[in-house]
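Here the structure of chain A is known, so what remains is to put chain B in place on it, guided by the hints.
Listed below are the residues making up each chain.
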Amino acid sequence: MSSTSTSDVLVVGGGIIGLVTAWRAAQRGFATSVVDPEPGGGAAQVAAGMLAAVTELHYGEQTLLALNLESARRYPDFVAELTGATGRDLGYRRCGTLAVALDADDRAHLRELHALQQRSGLASEWLSGRECRRLEPMLAPGVRGGLRVDADHQIDPRRLVGALMTACERAGVVFHRQWAERLTVVRERAAGVTTADGTGLAAGQVVLAAGSLSGRLGGLPREVLPPVRPVKGQVLRLTVPKRYAPFLSRTVRAVVRGSQVYLVPRESGELVVGATSEELGWDTTVTAGGVYELLRDAHELVPGITELPLTETRAGLRPGSPDNAPLLGPAQLDGLLLATGHYRNGVLLTPVTGDVMAHALTTGELPDEARPFTPRRFTAAELTEQPA
Amino acid sequence: MADDPFVLGGTTFSSRLIMGTGGAPSLEVLERALVASGTELTTVAMRRVDASAHGSVLSVLDKLGIRVLPNTAGCFTAGEAVLTARLAREALETDLVKLEVIADERTLLPDPIELLDAAETLVDDGFTVLPYTNDDPVLARKLEDVGCAAIMPLGSPIGSGLGIRNPHNFQLIVEHARVPVILDAGAGTASDAALAMELGCAGVMLASAVTRAQEPVLMADAMRHAVEAGRLAHRAGRIPRRHFAEASSPAEGMAHLDPERPAF
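Heads up: the sequence lines are chains A and B, in that order. Numbering-wise, my numbering puts 165 at position 165 of the first sequence, and it's gapless, one number per residue. Numbering-wise, my numbering puts 194 at position 194 of the second sequence, and it's gapless, one number per residue.
Excised from the complex, chain A in its bound form (with noise of 0.2 angstroms):
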């Protein structure tokens, strides 16, 4: 085995993570490559692109919460950057989204989002059921209220994985199309990886960014192994003829008997029906059920989704973490950072996480806005919880 190349930065994984940290590492002048059998792949190809940082908020991830906002504050300038670096319209689009119920009992569901929204500081409207349908006409007449959130906007992530792949290229990021198979530990330092076909390739400091199969990577030492898991999303996409236009003007999405369905509408007439929520480990087939279940569903909320083409069905794998929340910056092993495990939010979170990452790369310290995210807070818990 012989190191054809050596990088200051390695990038395990080309998805929307992995390559916004290459680009943020680049523009700090690392010499930076990325390996990945298929860059700009991924579950980048199958998300909606939902900013949902108040409409998705859970009783007990007020942490997150913190990260994700801070987040959707920085999209607007990240936007306008990565446009002005690739010349590419990324989808962004500042529609606001609107979730409604659709029975007494969703109903009630929501006037407690609500109730936690308000707690939180965040920014939502109560809104009958009249007052939905004539912001959004389109919908069923059986809405029962809603809550109008206008800082949960949207991106095109299709198209914003191929702006940073441009803008990657034009920093002079290098493309490994193989697969990464090992790591290289050398004097108990991440020196590099191996790839399928036997290539060494070598760097200073390798981030792992593989998404849900982070945990794949061979020789990573046990205390290292980030604890994610698949967890598969299928996804719909149908188009809204011109003669329909607009049919949705913003994000629309409800809880129909327990279970979620959001409407993503694109400026291009893409609308983006979604999402399955499946613990079936790599598997990415699209299942009749699956379809099924979202056309009900997005049926009952629109019910004249009948009359647009179904153009596309596809399931994709989010990489789940045990607290829902993105593993960033140094491992327990010198040398490596991990940048995984964001579950619903990595679109959200690409912009901060591009950030944290170029800050961990260059000063090997987490900012504050990412401390709690350590992968060391894992790690910990597992070894205090070994049986004696």
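Simulated from the structure, these hints should not be mistaken for lab results. Be aware that a few hints might be false.
[Claimed, not checked] Calculated lysine to aspartate or glutamate pairs in the DMTMM-like style (CA-CA distance at most 25 angstroms, straight line):
| id | chain 1 | residue 1 | chain 2 | residue 2 |
| --- | --- | --- | --- | --- |
| 1 | B | LYS63 | B | GLU105 |
| 2 | B | LYS63 | A | ASP283 |
| 3 | B | LYS63 | A | GLU223 |
| 4 | B | LYS63 | B | GLU215 |
| 5 | B | LYS142 | B | ASP95 |
| 6 | B | LYS142 | B | ASP124 |
Then chain B, alone, in the frame of chain A:
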């Protein structure tokens, strides 16, 4: 409790609380809630997990040493339920199955006819069948007659948190059953679990009441205590209900409180 064993399908458990995992906000919270509940048996929907996947719900149960009770949630026909149970037995190497055959998505109530049919088939096939059933004493008896190892009536619809809507039916089921009766579905808070145990249930099965609570770990702890308290109260025997008051401290035989003159 050593003097009050809970035996289910030939296995003795010290906890009478059976947990479900659906609706948990995160794996970390689920893990802490399961620990707080003290459960030793937890049900998992076989259609919603991959038994070979690592780092998911089954790994958490494995790590905590909690037995897995596979269930057939999401099945609408006896045929689907039997198939799902067989796949679960193959994947998890257990004969235990919590049999659910749902009639419709709106109410998630059991389909009694399909349920009885599936129960009979699975018992013949060597399964230890724990059927999720309506709170119908006649159906409960028939399920027992075909060889089910327990009866698991609903207190109210799944996830509704409406508690036990017909305590009288529970009493009838408990009085006639020779197998354990376990409240399955409907518990919303601790008093619901305690009531089930006071009515003579051998155990309580719940998920949403904990996983969807604002503080799941606290609620799991509450449920653990409620099940224990209800069981103790059942064994202790409640006092009869009376129409009028009866002083708890009658005047006769009262302690003599004059410090100068000892009473005895």
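25 angstroms limit on alpha-carbon distance, applied to hinted pair LYS63 of chain B and GLU223 of chain A
This hinted pair holds, its Cα atoms lying about 16 angstroms apart.
Please verify whether LYS63 of chain B and GLU215 of chain B have alpha carbons no more than 25 angstroms apart.
holds, 23 angstroms
Restraint status (C-alpha distance of LYS63 of chain B to ASP283 of chain A at most 25 angstroms):
Holds: LYS63 of chain B and ASP283 of chain A sit about 24 angstroms apart, inside 25 angstroms.
Hey, LYS142 of chain B versus ASP95 of chain B, does the alpha-carbon distance stay inside 25 angstroms?
holds, 21 angstroms
Tell me if the straight-line CA distance from LYS63 of chain B to GLU105 of chain B falls inside 25 angstroms.
violated, 33 angstroms
Checking one constraint from the list: CA of LYS142 of chain B to CA of ASP124 of chain B, max 25 angstroms. Satisfied?
Answer holds: LYS142 of chain B to ASP124 of chain B is near 15 angstroms, not above 25 angstroms.
Checked against the numbered hints above, the structure breaks only hint 1 and satisfies the rest.
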